[in-house]
Amino acid sequence: FELYNVDRCVFNSSELNDIEFIRSTFYNKLELARFSSSLGKYVGYTEFGVKQADYWNSQTSLIEGLRAQRETYCLNNVGIDYRAA
Numbered sequence: 001f002e003l004y005n006v007d008r009c010v011f012n013s014s015e016l017n018d019i020e021f022i023r024s025t026f027y028n029k030l031e032l033a034r035f036s037s038s039l040g041k042y043v044g045y046t047e048f049g050v051k052q053a054d055y056w057n058s059q060t061s062l063i064e065g066l067r068a069q070r071e072t073y074c075l076n077n078v079g080i081d082y083r084a085a
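If you're matching positions, the sequence shown starts at 1 in full-length UniProt numbering and goes up one per residue.
Keep in mind that a hint or two might mislead.
[Stated by the list, open to error] EDC-like, lysine to aspartate or glutamate: derived pairs with alpha carbons at most 16 angstroms apart:
#	residue 1	residue 2
1	K29	D7
2	K51	E31
3	K29	E64
4	K41	D54
5	K41	E2
6	K41	E20
7	K41	E64
In case anyone wonders, no lab produced these hints; they're calculated from the structure.
Between the sequences and the hints, there should be enough to build the whole structure, so can you do that?
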């Protein structure tokens with residue numbers, strides 16, 4: 001069994017407003033929950049994932065850190081991708 005996170009940035013341009021940071025949490029290849037910077041919170045996709053999402057959403061510092069990833073992680077990397085294209 002394997003538990004892992006996948007972080008990704010979805011974008012249409014290099015403008016911050018057009019960038020979305022997504023963190024998906026998987027267990028055994030099944031997506032349990034997903035954080036989206038567009039929603040600003042986790043959403044669960046399984047019974048266990050819903051419980052985890054509720055808990056993670058109650059952790060203010062965790063959610064604030066994930067919201068900041070759109071600017072700190074995505075914005076920089078999207079700019080690099082646009083320059084390389």
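Do the hints match the structure? See the list:
no. : hint      : verdict
1   : K29 / D7  : 15 angstroms, holds
2   : K51 / E31 : 14 angstroms, holds
3   : K29 / E64 : 27 angstroms, violated
4   : K41 / D54 : 9 angstroms, holds
5   : K41 / E2  : 24 angstroms, violated
6   : K41 / E20 : 12 angstroms, holds
7   : K41 / E64 : 9 angstroms, holds
Violated hints, listed in ascending order, are 3 and 5; each of the other numbered hints is respected by the structure.
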